[in-house]
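Chemist: Sequence:
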Amino acid sequence: MTNKRAGSTTWVDRNQNKTVTVGPHKNPNKTVKVKIIKDWDLLANLPTKSHKSDAGWDLYSVEGPMELKPGERHAFYTGVAFEIPDGHVGLIWPRSGMAVKKGIDVLAGVVDSGYRGEVKVCLLNTGNKPCTIRKGDRIAQILFQEVPNFDLEIVSEFSTSDRGEGGFGSTGF
Numbered sequence: 025m026t027n028k029r030a031g032s033t034t035w036v037d038r039n040q041n042k043t044v045t046v047g048p049h050k051n052p053n054k055t056v057k058v059k060i061i062k063d064w065d066l067l068a069n070l071p072t073k074s075h076k077s078d079a080g081w082d083l084y085s086v087e088g089p090m091e092l093k094p095g096e097r098h099a100f101y102t103g104v105a106f107e108i109p110d111g112h113v114g115l116i117w118p119r120s121g122m123a124v125k126k127g128i129d130v131l132a133g134v135v136d137s138g139y140r141g142e143v144k145v146c147l148l149n150t151g152n153k154p155c156t157i158r159k160g161d162r163i164a165q166i167l168f169q170e171v172p173n174f175d176l177e178i179v180s181e182f183s184t185s186d187r188g189e190g191g192f193g194s195t196g197f
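Sequential numbering from 25 applies to the sequence shown in this note's numbering.
I should point out that these hints are in silico values taken from the structure, not numbers from a laboratory.
Just so it is clear, CB atoms sit at the ideal spot from N, CA and C, and this is done for glycine as well.
Computed list of lysine-lysine pairs in BS3-like fashion (alpha-carbon distance at most 27 Å, straight line):
(1) K126 with K93
(2) K76 with K57
(3) K153 with K126
(4) K93 with K159
Simulated DEER-style distance windows between Cβ atoms:
(5) S77 with S194: 31 to 41 Å
(6) S77 with G190: 33 to 43 Å
(7) S120 with E170: 20 to 30 Å
(8) H112 with G190: 27 to 37 Å
(9) L176 with A99: 28 to 38 Å
(10) K93 with S180: 45 to 55 Å
(11) V124 with K57: 24 to 34 Å
(12) D136 with S180: 25 to 35 Å
(13) E177 with K125: 37 to 47 Å
(14) H112 with K76: 18 to 28 Å
(15) G191 with D78: 29 to 39 Å
(16) A79 with R158: 20 to 30 Å
(17) D78 with S180: 38 to 48 Å
Using the sequences provided together with the hints, build the complete structure.
Modeler: As structure tokens, then:
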């Protein structure tokens, strides 16, 4: 079945739970494979972009309704897993509308290239009112980025810099 939504083209065979390719532009050098998790296949929404120029792909909740009271957090299932190419990472970020309108933030999320399991998104209600998350709600976005491979070198001294060891608040408020 072919599904066209918001400039993205997806090829989905939900019966066989096949890996699918998602993207507004077919670019073999910048393709991330996405798989619908079998347990959720009837509920999972594939990641989408509202605009071709968007940096992140929206992730959807496959569970709910669930009320998050102020100060509460919960890790929501997304129903999808990714095969991210070596040298890249998936970073889970908040959706600005949820943060501004409802006080919902995303706690840190790093999807390493070797991870093949279902992506979960940990939401935290920083607002002063309860917020209900429902199945099918866009709850976060994932950005795929290149990651340089660094080695660590143990040293006893660093080179000098203008900032030095000045940390929190050292440049003023």
